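Student: What follows is the residue order along each chain.
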Amino acid sequence: MLSRSKSEYEDLSNKFRLTSFDYHKQYSHFYAHRLREMTSLLLPLAEEHWSNKYAVKKLCDLHEEQTETCIIIGTIYKHQAHKPSILREISEENQLAPQPPREHYADLEDKLILEDELQRVRLYGKVDGRFMSTGVVCAVLGSIEEDGRFDVEEILYYEAGPQKPLSNKGYNRKLVLLSGINCTGADDYIDELNLFQHWLCGNVFGKQNSQIVRVIVAGNSVGKATEESQTTSLQPRNNDNNGAVKAICAIDGWFASWSKSVSIDIMPGAHDPANFMLPQQPFHPFMFPKASKSTSFRSVPNPYAFSLDNNQFVGCSGQNINDLLRCTMIEKPLEALRSTLVWGHLAPTAPDTLACYPYVDTDPLILQECPHVYFAGNCDVFETDLHKGSKKQTTRLICIPNFSKTQSIAVVDLDTLDCKEIKFKTDK
Amino acid sequence: MSGFSGKRKFPENGNANKNGNTAGGKQQKKWNDEEDDDFDGMDFDMGGEGGDDKDVLLGEGPENQQTSVKWSRVDPPNLDPSADELTFQQIDIENYLGEPMPGMPGPQIGPVPIIRMFGITMEGNSVCCHVHGFCPYFYIAAPRSFERKDCNALREALDKKVLADMRSNKNNVQEAVLEVQLVERLNIYGYQGDDKQRYIKITVTVPKLVAAAVRLLSNQIILSDFDFQDCRAFESNIDFDIRFMVDTHVVGCNWIELPAGTWRIRNKNSKPLPESRCQIEVDVAYDKFISHEPEGEWSKVAPFRILSFDIECAGRKGIFPEAKMDPVIQIANMVIRQGDPEPFIRNVFTLNNCAPIVGSEVRCFPKETELLDAWSSFVREVDPDILTGYNINNFDIPYLLNRAAHLKVKNFEYLGRIRNIRSVIKEQVLQSKQMGRRENKYVNFEGRVPFDLLFVLLRDYKLRSYTLNAVSYHFLQEQKEDVHHSIITDLQNGDEQTRRRLAMYCLKDAYLPLRLLDKLMSIVNYMEMARVTGVPLESLLTRGQQIKVLSQLLRAARTKGFIMPAYQSKASEEQYEGATVIEPKRGYYADPIATLDFASLYPSIMIAHNLCYTTLVQPGMKERLGLTDSQVERTPANNTFVRSEVRNGLLPEILQSLLAARKRAKNDLKVEKDPFRRKVLDGRQLALKISANSVYGFTGAQVGKLPCLEISGSVTAYGRTMIELTKNEVETHYKIANNYENDAVVIYGDTDSVMVNFGVKTLERAMELGREAAEIVSAKFVRPIKLEFEKVYYPYLLINKKRYAGLYFTRPETYDKMDCKGIETVRRDNSPLVANLMNTCLQKLLIERNPDGAVEYAKRIIADLLCNRVDISQLVITKELAKTDYAAKQAHVELANKMKKRDPGTAPKLGDRVPYVICAAAKNTPAYMKAEDPLYVLENCVPIDANYYLEQQLSKPLLRIFEPLLGDRAESILLKGEHTRTRSVVTSKVGGLAGFMTKKSSCLGCRALMPNGYEKAALCPHCEPRMSELYQREIMAKRSLEETFDRLWTECQRCQGSLHEEVLCSNRDCPIFYMRQKIRMDLDTQEKRVQRFGAPDW
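Chains as they are written, first to last, in the working numbering: chain C, 45 to 472; chain E, 312 to 1409.
Isolated chain E, as found in the complex:
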């Protein structure tokens, strides 16, 4: 369904949650507002895990069927657990409650938590591995008098309390608290010397009892001799799956080896019986398997099966499809093996017969229930590891499940890998600074990972539009035909050929996500991210950044005996100062500007100054522990940390290993030849970079797992001083007095880079000085902080803080790119005119180095705008119709209502994106009344409100880039000059006075009204002698229109992939959509002018 913008819900403005910068130099802000850095926003989950409604989930699923050799996986080898090892790459990890297995470690009375790992062998066989014996636990600080002998009493007392506390013991838990141990650990938060403290480690049977036990310990009297109420809980807020992975050294998507003799296989004679749909199902103890680090040989990737699919439903005119009403008419599927170039299964399931499609299998069903049933069996038989598509999570999957439930299709909902578990829909709310608040639907597919391409794009790319069409065009330079949803039902109700046409779109919509995933290397990159940060693949798309850092921190802490306090997150007003910005010296610099960058600044600062939870010296601790001044370091933010001689921080260690791993990956990348291995390595180094940068954010996230503003505040404080220091060093060293060409000036500095004007004229010299300066200044800093010379901007247009543009050179010969920061080119509430004009002006300024040309160009476009010569597609503004009852009147909502009155069938529906242009209207008409459908405007010659576009759209961004050049005169030159005097407006065919006007013919030469007797002629008597010339002028005008007409309409014919079928596409995002309509009108008009000269008869 991805073609139909109607089905998609997107946030209207991806940046809405960005903090606005307050005026002035000091910025009060949260830990991150850098657009250009790789710090990702923090987030927290709200709601989510929809409880353990096992009744909903559990049922009796159907057997797998084998119907096609092409569909099924290759048969697994005959395995002998005593002699063979079993190796597989796991892709999904989850846990469930089950009965203990004799011979396995852990409690022997049920229920016990069992971990399930799903994966694939190198041969492509699916594996389900039950891991036994691992139980959840947490710590509390031990009361002073608590001794080892008290452990058992506590266990028994707590056990009773917990059991009594359970409202309903659905799982029939008989033993809640398994073990209480007195252990010695270190609190990760704050330096307290190296002496370990005593903690009580409490192991419980079932994960959800952790929270209950913590609660009871803090608000009830468990043992009369001890008061546990003030004992802080540690690591009680760690997900059980993460706990398991940390403790067993399993990272996301790594390889698991079960050595011979350690595992058991399940088959139809075994006890227990297999419960999954995987080909190989085994059991192993949690301490018996080998988890391979994803390095060297074990960085390989198994041939995962990726199923991409798309559904079409036949909606009613003007209404968003509802599962209770509107049938699913087609489902297209593509299955590809990870690493293969093309899918090996392509098929489409259709309701009613459909003509064959070469290269794809068409399966027709007379009844919708049969279609759904067959598709569900298909998924089970193909047994995909990853499910993808476009917006499948929020549309396709829930729609299918709801529709199947409505039609009572038996067994449809058994789509996961555990035979008796249904896939059900849950609502999930994710709040993140990176993406804002969004409500998502989540469907469980035990063992299969839903990997919705739309989620990937929303997370990783900032785009003007997120429709599949726009995205394909952006990344693949490929359009797809967009059929308006009002036509779908007609195609379905036609014959087998029209349904075939529909199937072709559907197949394309299933195919494009695969192409995009391949092009963007998303799966490889996400797998590498999972490996680097140690979290399961799926959580990368469904959860935020914190879990990634948490996973790494837990791993590092565990090896050193640290434990983490369970932090009760609370929003606080406490703020710290953000990164510094050296006040920009605005202007257009025609000379080369060298840029000095701190490489991985924040990670480097944390390493260099040993900033960590474990090194933080809290107030009073220095004296208590008797630390000398040389043992501690006071940060510019007035916090104290011990130096690395006293204790190496965990965060610095994590960062060091991340940076070192990144260096290794980059080195490997340099020598690697195999394209697929290169992709993996590149994904890896990127994942490592992003991970390193997100550590800082973790410490600053106030609504997080373990915020520590002392760390994040110190990091930015160091950053500020370093920028200042760099500025001073550069400006004192590079002076005429020291035999340099000129006094260097730092014209701007921001977060991790400093722009220097050395006052030299050539790129070579600027690069030379830049390199030298980087070395001189780097020497003043603590390792590994390093200032690097990276690039020269030449020329450079500095508009304001975080707003600049420049031609980016890394070598003197040619430029690498045009680099623009903070200049509106992609904002969606702007018309393309703005983006295009800005782009061209910047190109003229920077690439052609022609400021006058840029001014002239801007003037020309303004003149074109005022004279109605701008193509309408340039003026279209698009907004999503998110809800109809906006408090304030909004242009697109008003327009949608207006269109509904004209034609309810094609009017935009809730969720559609509404394109509109602003039209001229009587004075004081509010802007929201002036919006009009671009097609209506074209067809009825409605005049455009050029002033709106000039004043509301163009003027601000234009003045912004031209003010550094023209100063205060910018406005008068650009917006008030000669070029704005001539205006022309089309005569509307509708509204106002249109009905009262009569058209009189005028001379084609001089536009004078035709005198009597000449009404039918082309020219007035005065112009008649110039007949040949004036005729040629008209024919030449027709000529260029004809050329454009042919090019536009043949383009559409090609794009839709058929010569003999009519173009139906109504993709309004397409740059030529309006043009091709306009050219028809223009040609008609022009042809009429030519005709006035009479036919060329001989």
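For reference, chain C alone in the conformation it holds in the complex:
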């Protein structure tokens, strides 16, 4: 047995765990709370940034006659003609030749709107709608025009707030991040996973792997169930999912063996057998009868936040990034990930196009404190960057590759925040 480096772990994800459910709430409360909380975070920043030169106003105080420059804090709403709409899908008139849902629906014609507590205004000027998303809360400097539009001069984001200094232990500790095993129950990637297991336990490449303190599995451990021909039927049907059951059995075996030598946290992902809305709740222990016997294996929610030796880690299984790529013209997952960090919100498109629990007086997805490592699972390729915020925050951005596509994982050095990809491709 390998003797591993030690690292002090703390679970910071309680805010993502739901203990009671109330589906009789609407989303307006969630949006309203997000705006309230973000406003309180943004206000001091805005005053500092613009040196108290401009007044912070509400849209309802603006008149078209006075074109004085001011600051408005509000939520972005992007009006998109091609946004998927359940109403359109079930409308009886459109039955003939139904439009297939568009994979990407950002369009240059999309309209950018800023909404504060009470009103809306069209934005134009120094703001690029292509890279904006519904649900972002920001402070906008500009002035109202005669035609009722708001001419933007500058936009200020929360940038995930202040950051604690990076604590440095002086000895090597490493974190392993993987995602998208997409196990189907058949023997897919068995060699690659074996190789990974050997590597993890130090059986290959020597004992540098004793530095690995933790493994995070960021979603999609189970493969996508074979798509049934889902018509837009109005009747819910019971769906049995034997494929997933088998897959869970298989993956349970892997996790059981890995957790013998290292702590493993597994997050649910987009097509895992978990609930659908963000935050996705941890898997039930009895889904992993073998692995759950070990105390070093546990399931955590998605998104997931934790600290290791006081350094902050936050990440999601990738739904937030995927949804952003669909509704904006951002091309690279890494840029999408960076945008959410800058906006200070894990998933601004929730609930608009990304399902989310209807919170009433909290929004756990707000990034109040800037993390040291910020990751997203299930990306097509590995990408990473060291993001420097305007307040000297330094954040390691990681797009964790989809293992079933790349047979690779990401490894972060907890001292230096260096990050690299390790491939486990075997020649078949």
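These are computed hints drawn from the structure, not numbers from a lab. Here the structure is a predicted model, which is why all the values come from computation and not from measurement. Backbone N, C-alpha and C define an ideal beta-carbon position, used for all residues, glycine too. Check the hints yourself; a few may be wrong.
Chain C is faced by these chain E residues, among others (derived, beta-carbon under 8 Å) [claimed, not checked]:
no., residue
1, 1350
2, 1353
3, 1354
Got chain C; can you put chain E on it based on the hints?
Tutor: The following block gives chain E in isolation, referenced to the frame of chain C:
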């Protein structure tokens, strides 16, 4: 107010007046029962013109005020009548009695009739033009011995009689009969040779004296030497405005030019003073102005100002707003220039303060009287040419006028363009075959045209629902938030932010009509219709079809010296045979079926066989006039008409010019690039087509201005023979014996089309043969009757007469559309389930060509219905609560009463549409007792009466479309098969045994009751080993519910246009209204199941 279905009154069933087809081949019917043709129903006005109560109308109106540059029109140029011409597009024409103007033609003693034309110059200045010197007249047939010298005696005698006849001479008429002339004219009705007959033309001073003079001539002795009592009156039943327009060649919405030197301008120093609110007010003689034909340059459209508005009133809970009680709290206005993309004025007048709205002006008033007063001034200042909105004629305008009168708001009612004329409400009853009988309110706005969008939609479109919301969704794919009327008062009584929210809806309700008018091109189309038929714009919405044909006929008759007898309309039992229908050979045809159509059949027949009033040879006339057999034609209906060599009929001429104009418009349309000009041209060709088709209807309307059953009966008779002939030609020519693939069979024929099965397998070949056949058969007919090949149905489902469906191909590559005729998809008393099921089955049959799939699908939906898996919104039936004391008990009325007991505040009121579903009940419970509020059903898990939906709603239409496929087995296959054996019913939370039941927990795996000691667990000991699997099943079920929940509720959040405000919408027409409620219940239930497994603690 348009969001609130409560305010709207709609006919429950637009088709109620359709004649039912009698069984068998021969149909006894009136002139029109074709749904798919463009023949519009005839109609007649009853009541209407509320007399000349000038006392009510006249008052002292306020001056126009100029308060805003944005509102007011641009200043008019300085005009010099002696050097400048004045050109404007007129939009409204009316007449009034006034004093003669020196220097103008006509009688010089008052009162005289004066025509007022209102219009707009190309620069956007409003014009009021008084036209002088035109007087009303009519004709009577001259007694044999009447000579020119007797004219004056008649004039004097009649004048005396008429003056004496007047009960009260309010207008102080001093001279009633102006002129009596002996003239030579031809009677339009019946061919009597070309020799003109002698008629007496009698000109009177005041329009209403026409009827008096006619009456006196027919029942009193006017001159002892002559007997006028048997002298028929001619053209005495023509409206004065139409008379004027016909005689001066003015057509609706055309351009009028006043050449320099012919007109006078009115200003504050002129005599008489201006009396209108228009910027330019002028006088001209009726024979001095130029009326431009709307062709070429003169087909342009002036920048009309269109005001769309909507009001909100704060009603009391459960009561339809009454002007005497409930205040008007907001009025939203949008003003757009015709042709502009967006309104240039957007504002809302609110009672009490209201937070600002970016992009719209908010004007707040502490008192309702001030609000109303300011709005009235606003209308006068903006000076709109067209007023629109949704149901403004029957709700908003009368409500405002009544409310202002109740509050004694001074000058509110001066909304028209004549300073001293009040706008008042009149009741009008319109009876029409097209729309049924409806009572409308009519308000005068001298010079402004009320153009209610709802009227347009009711006239031109057959829809499931006519609420503004449903209509916007239908045409714009846009919903609007629908706030229940019980909330409006709460919003008004809140703060400036809640009132702002209300104002947002109000603005949207004012904006949507403009969007719809633009999308449907209604204004352009109606203007073109006015131009083509020559009637004023407003009469197109307030009057029926007859006046349009009448106007054209008068114009054509006048140029040829014909006059029209004044027909006393009387309902008659006389009938003629309708269009023929070749008995359908029912079935599902998987092979291509070619369709041959007669282009504009009825107009073509009238042209080809010279059918007209003027060519009709009445019994005995042939001999009297010595007409030879070759000079006349005997129609299959046994009527005789002279051939065109003897005399060209007027109707054929009118039709020819209409069809030629349509061809021109279509050609112009092909080359025109400018989108607005294209709209005008397209509207024009459509108007021309509809007009051509309505000529036939005019001759057949027995309660009409001039019915002539000889014409209409002959037209249909010709139609029948032509269909028969086509059938014979096709079936004798296309035979295997003549080297064709197969013997062709005509499987169906109807009015103007024939469906042929050539027995070929490919579309290309069917089209080729169809084209060829059209040519071969066309050659057998008289020009311009032409058989055209238009389309192939492939496949084709022929259900019955006028009931069929097919995939419509005009080119072999792809289909154009799925064409369904006479299949219930839009009937409002059906649930959406029926329409959706029919639609999908037809798609599977026709597009996917998968009859088995269609049967399977129908079975699956039936199984879903029986197992309670159908979404409740699919089962909702909606009916309007028109009155509460129906003779027979009705489901929706009973339900409304039940709901009133539960909550009087939100219960449906009179005029509301009541949605309901039919619920299961004890055997023999009458259907009207089984209706229940869908929301109540959802919340209390009341079981649905699946059998009702299966037997009363689905079975008939389903069997209809499947019988051609499955024959007699259809019923047993669809309604009695295996799939109907499993049923499941929810357990109600209310009523019956609900109170006595206790719930015991059962195993989530096998549904067995839980053994002792396991009551709290999720699974029984037997299922426990499958824990992981069964948990996953539950979590997956929750998963899909969660996805739907998010999609539904975010959709509503988006639709209402705000992220931070709660969704209040209660639009029950919205397809997701019930779904979003149900998903909450379902998620609750599912979450409870998941919870039984315990929290996922690590």
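Student: For the restraint on residue 1353 of chain E, tell me whether the closest CB of chain C is nearer than 8 Å.
Tutor: holds (4 Å)
Student: Does the interface hint hold: is residue 1354 of chain E within less than 8 Å of chain C, judged Cβ to Cβ?
Tutor: With Cβ-Cβ at 5 Å, under 8 Å, it holds.
Student: How about residue 1350 of chain E: closest beta carbon in chain C under 8 Å, or not?
Tutor: At 4 Å from the nearest chain C Cβ, residue 1350 of chain E passes the 8 Å test, so the hint holds.
The structure meets every hint from the earlier list without exception.
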